[in-house]
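Same order as they appear, the protein sequences are chains G and W. The numbers in the numbering used here rise by one with no breaks, and the one at position 222 of the first sequence is 235. The numbers in the numbering used here rise by one with no breaks, and the one at position 225 of the second sequence is 397.
Don't take each hint at face value.
Partner residues are not named here, just some residues of chain G that face chain W (Cβ under 10 angstroms, in silico) [what the hints assert, rightly or not]:
no.	residue
1	Asn35
2	Pro187
3	Leu193
4	Glu229
5	Ile230
6	Asn233
7	Ser303
8	Gly312
9	Gly359
Pairwise CB distance ranges, derived in the manner of DEER restraints [what the hints assert, rightly or not]:
no.	chain 1	residue 1	chain 2	residue 2	range
10	G	Pro101	W	Glu361	25 to 35 angstroms
11	W	Ala301	G	His147	22 to 32 angstroms
12	G	Asp349	W	Gly475	40 to 50 angstroms
13	G	Asp273	W	Pro464	24 to 34 angstroms
14	W	Glu361	G	Val247	12 to 22 angstroms
15	W	Leu463	G	Glu158	34 to 44 angstroms
So, partial list: chain W residues that the calculated Cβ filter (under 7 angstroms) puts toward chain G [said to hold, decoys possible]:
no.	residue
16	Gln342
17	Thr377
18	Val444
Note that these hints are calculated values from the structure, not bench results. Note that this is a predicted model, so its numbers are computed, not measured. For glycine and all other residues, C-beta sits at the position ideal for the given N, C-alpha and C.
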Amino acid sequence: MVKHKKMAEEQEKLKEIITPSNKEVIVICEQQKGEVKPVALELLGAGRDLANKLGGKLSCVLLGSKLDEAVKKLIAYGADIVYVADNPILENYQTLPYRRVIVEFLESFPLPPHIVLLGSTTTGRDIAPRIAAHFETGLTADCTELDIGPYEHTNKMDPDKVGLYPGCLYAIRPSFGESLKARILGPWKNPQMATVRPGIMLPLSPDYSRKGEVKEISVNLKPEDYRTELIEIVHEINKSINLTEADVIVSGGFGLGKADGFDLIKELAACFENSAVGASRKAVDIGWISYQHQVGQTGKTVRPKVYIACGIAGAIQHRVGMSKSTTIIAINKDPDAPIFKFANYGIVGDVYHIIPELIKQFKSKSSGEKEEKSLVKQG
Amino acid sequence: MISSLPNIKLFKAIITLKERVNHKGKNTRNTLEITMANIENIFVLIKQVPDQSAKAGINPDGTIDRAKAKRMLNPFDRFALQAALHTKKTYGGKVTAISMGPPAATEILLEALENGVDSTCLLSDKRLAASDTLATAYALHKVVQSLGKFDLIFCGLQTTDGDTAQVGPQIAERLGLPQTTYCEDFKIENGKVIARRVVEGGHETVKMEMPALITVANSYHPLEYKSLRGARMVQNLVRNKTELDKYIKTVTLDDVGADPAKCGLKGSPTIVARTDKVSELGGSCIIKQGLPVEQMVSEVIAGANILEFVR
């Protein structure tokens, strides 16, 4: 009883601390050739919810060149304010110039924004840590969930931080090979920052009648920002590598038994409208297919609508890269393969019998559909 | 180092040649400088992580007991180490491996010595416990500053125990360096690094002034550098404690002039407020087995509802 009373007293003593901020949630958007990247729209979807809970505005920052269309799109997808730096120097992402513009922009606020979000893409993961280090603020990587809520810090080891903090960003991410979900907080300093995995948050449905403010950001680069020079950008024409944006991924593993197996994988992938070819680490290590195709802990994290795993056992290192796919179909001759524990559909059998049958049925189905369509047209 | 001897010879030869040319004329000078990269110091940052594939030290709730867990060099750092050794072999210079962690982290520094790095430095201090990425980067940048001038810093892309990929760029920010992350190939030309980095759906090439920081992607396929001399040396070092200290310099926060308030729990703006075990999925998979292939395939296609994606 006494102990309880003591604890209650201590609880009461916890004073509420409000870290200064303007309550704004800012999304740093990515674009390519003036086209907003899907991850930016997903972040706006997530950011809208956070801004509503905080009672603040949702704004976004867009750097690039020829951005008029992109700005309209961002407003349609939920931004209250779009801060734009439209300048030919910023046409393509480069660490130092982008860092300069964003840091100076964030410094221009009399009160710092509450939250800054970026995608955990090769761009987001390149620049977000630099911005966080500049402001000496917290940054949580690769979040899969975000929320707002209070936090009581009672750790006596760190007395300066003890208090009750309302309106914290809950940055939730998988850790230790996705066996745990960690809630990470940093309410002591604003902006609270997070990068978010692409393909996880849902964008709002666009409304082009929405009104939003557009504000210009000034671009003042310094000589030291020109220490790097982008000399080449190569987009692989081979669409089969664009794993993060494909609807369907067909992946092959060690169970294929030979490099030629990937010819069959590619043929199956080609049956789909927007597909890519993936691979397990073992298949890449053995040299059957290039690293760009690798899915998993040391490869890419993907979240397609359909993931077809062929001859992949489903070790944890692979699972962490694809377990968030909407539908997982596994083909493996070993009925005890771990992949059958988390796939949605499984076929136990030889990939060299099953894949050709899948291709056959998809082809007949698609030609069947076309016939139906042409019938409708005639009618 | 045996391996760097030809480089020194070449370097001297170039110097003499350059001097001769200088007497004769001027225009040829630039072309000669291309062959000379002038790399002096290369740093590589490595970390010891728990081996998550080993069962030891993994608690039932999914957390890791670091004292019991099997330890290993962060797999991503192997690429950084090889990139640093490749730079030394190709362009000259000395490689220093730097790590932060408990005294047990000397294990990975010995491994680095075996591979052929010239010296190592371990930042070990109890006040660093519970450091997040910001605090870690602060402490490590202080170590780098204390070691003097450098041309290139290599880091692994990320660690397997944190998966953040943040410490490298945060060190670059603290030191005001240009950076290339996700680097899968590079060369040095005219005193600049030409680095290829992986991006979504392709790659890009960046030319960068030095000093600079590079985080190495695991698509970097280096020649494996192994040093027989390094391996022999480490064998001897393990037996001889005083010799060991010559190659592994252990420093504290005070030694590198770091502010303890910016390190460890105090210096970390983020904390893990809560962890939840992710429930094991299972039992929900619809498995087809032992039926005719045609039937199994058509049932899965119908059930999974994937025809809308077919071309």
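Comparing the hints with the structure gives:
no., hint, result
1, Asn35, "violated, 19 angstroms"
2, Pro187, "holds, 7 angstroms"
3, Leu193, "holds, 5 angstroms"
4, Glu229, "violated, 26 angstroms"
5, Ile230, "violated, 20 angstroms"
6, Asn233, "violated, 17 angstroms"
7, Ser303, "holds, 8 angstroms"
8, Gly312, "holds, 8 angstroms"
9, Gly359, "holds, 4 angstroms"
10, G:Pro101 x W:Glu361: 25 to 35 angstroms, "holds, 27 angstroms"
11, W:Ala301 x G:His147: 22 to 32 angstroms, "holds, 25 angstroms"
12, G:Asp349 x W:Gly475: 40 to 50 angstroms, "violated, 22 angstroms"
13, G:Asp273 x W:Pro464: 24 to 34 angstroms, "holds, 25 angstroms"
14, W:Glu361 x G:Val247: 12 to 22 angstroms, "holds, 19 angstroms"
15, W:Leu463 x G:Glu158: 34 to 44 angstroms, "holds, 39 angstroms"
16, Gln342, "holds, 4 angstroms"
17, Thr377, "holds, 4 angstroms"
18, Val444, "holds, 5 angstroms"
Against the hints set out earlier in the document, violations occur for numbers 1, 4, 5, 6, 12.
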